[in-house]
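Trainee: Single-letter residue listing:
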Amino acid sequence: MTTKTINSSGTWQRKKHTRELVSKGFAYLFLTAGALIMAVPFLWMVSTSLKQQGMEFEMPPRWIPQHFEWSNYHFVLFDSDIAKGFLNTLLVIVLPCLVGLFTSALAAYAFARMNFPFKNLLFTLLLATMMIPGVVTMIPSFMLFKKIGWIDSWMPLIIPGMFGAAAAVFLLRQFFMTIPRELEEAAKVDGMNPFHTFIRIMLPLSKPALITQGLLNFIAGYNDYLGPLIYINSPEKYTLQLVLASFQGFYTSQWTYIMAGSVLALIPTLLVFFFAQKYFVEGIALTGMKG
Amino acid sequence: MKRREQLWAYLFIASPILGFLLFAFIPLSYSVYVSFTDYSGYKTPVLNGGDNYVNLVHDELFWKTLGNTIYSALSIPIGMICSLGLATALNQKIRGIRFFRTLFFLPTISSVIALTLLWKWIFNDTYGLLNHLLEVVGINGPAWLSSERWAMPAMIIQGVWSGLGINLVLYLAALQGVPRSFYEAAEMDGANAWQRFRSITIPCISPTTLYILITSIIGALQDYPRFQIMTEGGPNYSTTTIVYYLFQNAFRYMNMGFASAMAWILGIIILVITLLNFYFSRRWVHYE
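These protein sequence lines are chains A and B, in that order.
Numbering-wise, UniProt numbering puts 140 at position 140 of the first sequence, and it's gapless, one number per residue.
Numbering-wise, UniProt numbering puts 147 at position 147 of the second sequence, and it's gapless, one number per residue.
This is chain A alone, in the form it adopts within the complex (with noise of 0.2 Å):
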C-alpha cells in the first residue's frame, strides 16, 4: 500500500520533471529568437561603424569588417559637431535633473506625511497633467516662450523641468508613503523644522527612490528630441540628439559615420543602465504595478 503510493508519486514527480524540461526548453528557443531579433539591429550598427566608406552596402553582406576602421570613430569624434553635441546635452539637463528631482521629491514629501487644506485637490490636479496630451501644450508654450524671447535658447528646456514633474512627485510620494513615521516623530521632538528632517532623515533613507527617478530624468532629457527640435535653431546650440539627427543630410552617404556616432552616442545611457540596472529596473517595475 505504502509502497505503490510512493511510486505513483514518483512518477508523478518524474512526469512533472520532464514537463518542466520541456517547458524550460521551449522558453529557451523562443528567447533566443527573440533575442537574436533585438541584437541584431544592434550589432549591425557596431559593425557598419567600423567598416570602409563604400564597404557598407557589400553583398552579401560581411558581419566582421576586413579591415577595422577606427577612423570613422576619430572623424566623428573630433570632425564633427558630436562632442559638441553631447556638451551641450549635458548643460541643458544637469540643472533640470538636480533641481527637478528636489523639488519634486520636497512637494512629493509633503504630499506624503504632512496635512494642509486642498491637499487631495492640488494633488489630484497635478496628476492631472499627467493626463494631457504632449501636443496640446505644445503650442501655445512655442508661443508663451517666443513672446518672453526664449526661443532658440536652452531656456524652455531647462526652467520649465527644474520646477518638478508630476510623474516623479507620484513616483516619490508613493515611496515615502513606505518610510516609518517613528523616525519622523523623534526629529520632530528633538525641535527640527520640516525642512531639516526632509534633507537630513527622509533624503538620505529614500537614495533608492532618488537614484531610480534620477536616472529615469536623465535618460529621458539625453534622449529628448521634440524639445530641442521645436525650440532650438543655431546648430551650434544643437543637442547630441539633433546633431544625430542631422548627420542623416550632412553626410547623407556615409552610413559609416552615421553609425559610428549613433554607437557613441548609446555608450553614456549603457553605462547608466549597467551600472544601476538594479535599482532602473525595480523602479519601472514598481510603478507599473501602481498603475
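Hint data in this document are derived by calculation from the structure and do not stem from the laboratory.
Hints should not be assumed to be uniformly reliable.
[What the hints assert, rightly or not] Capping the alpha-carbon separation at 25 Å, the derived lysine-lysine pairs in PhoX-like fashion look like this:
1. A:K207 / A:K278
2. A:K278 / B:K93
3. B:K2 / A:K119
4. B:K93 / A:K15
5. A:K146 / B:K43
Chain A is already provided as a structure; the job is to place chain B on it using the hints.
Mentor: Here is chain B on its own, set in the frame of chain A:
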C-alpha cells in the same frame, strides 16, 4: 504649531504647483482661445469662430492622418502579445535572465534618433539588411519605406521592436506577483498549462495589461519623431500621423489656430479613449 506646519507644506509644494500653473494651465487656456482664431504666430490672433474646427472636419488630409495613426496603433496588440509571451518565458527559473532582460531593454534606453536611423537603413530596399535576409529564404522583399503599401507595416514592425523592452519588464514584474499557490492548486485539479494561463495568469496580471494598454494608446496617438526621420510622412502621406500633420501646420505653414484646433480634437479623442478604457476595464480587470 499646526499653522506653521501648514505653511511649510505649502512652501514644499509651491514649486510643482507654480510649474503647473505656468507651463500647463496658462498654455492650455491660451490654446483653447487660439484654436478659435486665425493666427500665424506673428500677427495678433483674429477670432474666427469655429472656422478651424469646421475646416478640420472637411479636411481630407486630417481624416487620412487620423486613419494612419489608428493603423499605426496595430503595433499595440502585436507588441503586447509578444512581450507577454517573452515575459512568461523569462518568468521561469532561467539562467541568464539578466542578460535577456538587458538585451530586450536596450531599445528603451537608446535614443529614438539612433534607432530610427538604423532601421531606416535596415528597411532600405536595395542594400538593407531585412531584404537581404528575406532573399536568403527566397523572398523578394518590398521597397519598404518607399512603397505606399509597405511603409506603415514597416513602421509597425519598428514600433513593436522598440516598445518590447519596457512592456516586458512591466509584465515580468506582474507575473512575479502572481501567487504560486494558485498554480499548484490548479495543477492538482488537473488544469493544463493553457488552462492555467487563461484562468489564473491573465486575470491576475490584468491591472498591468490595463496600464500598458492606456499608456501605449496615449503614446501611439502622439507618435511623431520616428516618422519624421524614417519616412517624412511619405510616400503620398501614407505615414503622416496626426501629430506629424499638426506639427507641419503649426511650425511649417504657421497655421497656429488650425493646429491648435487639431491638438484639441486629438486631446479629446485621447481623453475619451482613456475614459472608455477605464469604463470597460471593470469587466476584465481584476484587483485583489
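Trainee: Confirm or reject each hint.
Mentor: Against the structure, the hints come out as follows:
no.: 1; hint: A:K207 / A:K278; in the structure: holds, 13 Å
no.: 2; hint: A:K278 / B:K93; in the structure: holds, 18 Å
no.: 3; hint: B:K2 / A:K119; in the structure: holds, 15 Å
no.: 4; hint: B:K93 / A:K15; in the structure: holds, 18 Å
no.: 5; hint: A:K146 / B:K43; in the structure: holds, 13 Å
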